[in-house]
Amino acid sequence: MATNSTENYALNQWELTDGIIMEDFNKDNRTLDAALTEMKASIPRIRTGTYVGTNTFGEEAPNSLTFDFEPKLVIVRKCSGSMQDTLGNELFFWTKGTNSDSVSTSTTRYYTLNGTTLSWYAKGIYASAAWQMNNSESYCYVAIG
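If you use my numbering, the sequence shown corresponds to residues 1 to 145, in order.
No lab work stands behind these hints: they were computed from the structure.
There could be a bad hint or two in this list.
To be verified - Each computed DMTMM-like pair below joins lysine to aspartate or glutamate, with the alpha-carbon atoms no more than 25 Å apart:
1) K78 to E137
2) K123 to E137
3) K27 to E7
4) K27 to E38
5) K78 to D101
6) K72 to E90
7) K72 to E38
8) K96 to E59
9) K78 to E59
As the list claims (entries may be wrong) - With beta-carbon atoms standing in for the labels, derived distance ranges:
10) D68 to I20: 39 to 49 Å
11) K96 to T48: 16 to 26 Å
12) T66 to S128: 22 to 32 Å
13) T66 to T37: 20 to 30 Å
14) Y9 to C79: 38 to 48 Å
15) A34 to F69: 17 to 27 Å
For every residue, glycine included, the Cβ atom is placed at its ideal position computed from N, Cα and C.
Please construct the entire structure, taking both the sequences and the accompanying hints into account.
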């Protein structure tokens, strides 16, 4: 057994005269594995991409994006146009726990998160493919989890 250990994780610090015991190495490896796993879980994951809308809208034709992690924030906007295009049919922000948002006084976007897939649709008097971010054009997105 090593006679010294590190301050933070109590990993073995070997002296030339210490006997080598395999379990000490295995314990250190388990400790390192646990610390790295905890650290990895705390690092935000980010994915970007694009999709082309299908010019459909409504509960029967929802949009969806699937990620390799559970998203906490998703931003979708038209790929074309200026950053000043901030109307409800130009840009949306979704955060985990949000089930809907009003994009006009008579139209609402509804969201469902099922594991790693975010789905949404627009419903209401002014609902359209544009309000659902699903016109026949390119949309850019970023997801953070």
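Going through the hints against the structure:
1. Annotation: proposed proximity of K78 to E137 holds, straight-line Cα distance about 8 Å (limit 25 Å).
2. Of the pairs offered as hints, the one joining K123 and E137 holds, with about 20 Å between alpha carbons and a cut-off of 25 Å not exceeded.
3. Only pairs whose Cα atoms come within 25 Å are accepted, and K27 paired with E7 is accepted, the gap being roughly 15 Å.
4. Between K27 and E38 the alpha-carbon distance is near 17 Å, which keeps this suggested pair within the 25 Å criterion.
5. Under the criterion of a C-alpha separation no larger than 25 Å, the hint pairing K78 with D101 is consistent with the structure, at around 18 Å.
6. Straight-line distance between C-alpha atoms of K72 and E90 comes to about 21 Å, which keeps the hinted pair within the 25 Å bound.
7. For the hint linking K72 to E38, the alpha-carbon distance of about 18 Å falls within 25 Å, and the restraint holds.
8. Of the supplied pair hints, the one linking K96 and E59 holds, its CA atoms being roughly 20 Å apart against a limit of 25 Å.
9. Restraint check: the Cα-Cα separation between K78 and E59 comes to about 21 Å, which is no more than 25 Å; the hinted pair holds.
10. A C-beta distance of roughly 41 Å is found between D68 and I20, which places it inside the suggested range of 39 to 49 Å.
11. Taken as a hint, the range 16 to 26 Å holds for the pair K96 and T48, whose Cβ atoms sit roughly 18 Å apart.
12. For T66 and S128, the hinted distance range of 22 to 32 Å is satisfied, since their beta carbons lie about 24 Å from each other.
13. For T66 and T37, the hinted distance range of 20 to 30 Å is satisfied, since their beta carbons lie about 24 Å from each other.
14. In this structure the supplied range 38 to 48 Å holds for Y9 paired with C79, their Cβ-Cβ distance being about 46 Å.
15. For the pair A34 and F69, the beta carbons lie near 20 Å from each other, so the given range of 17 to 27 Å is met.
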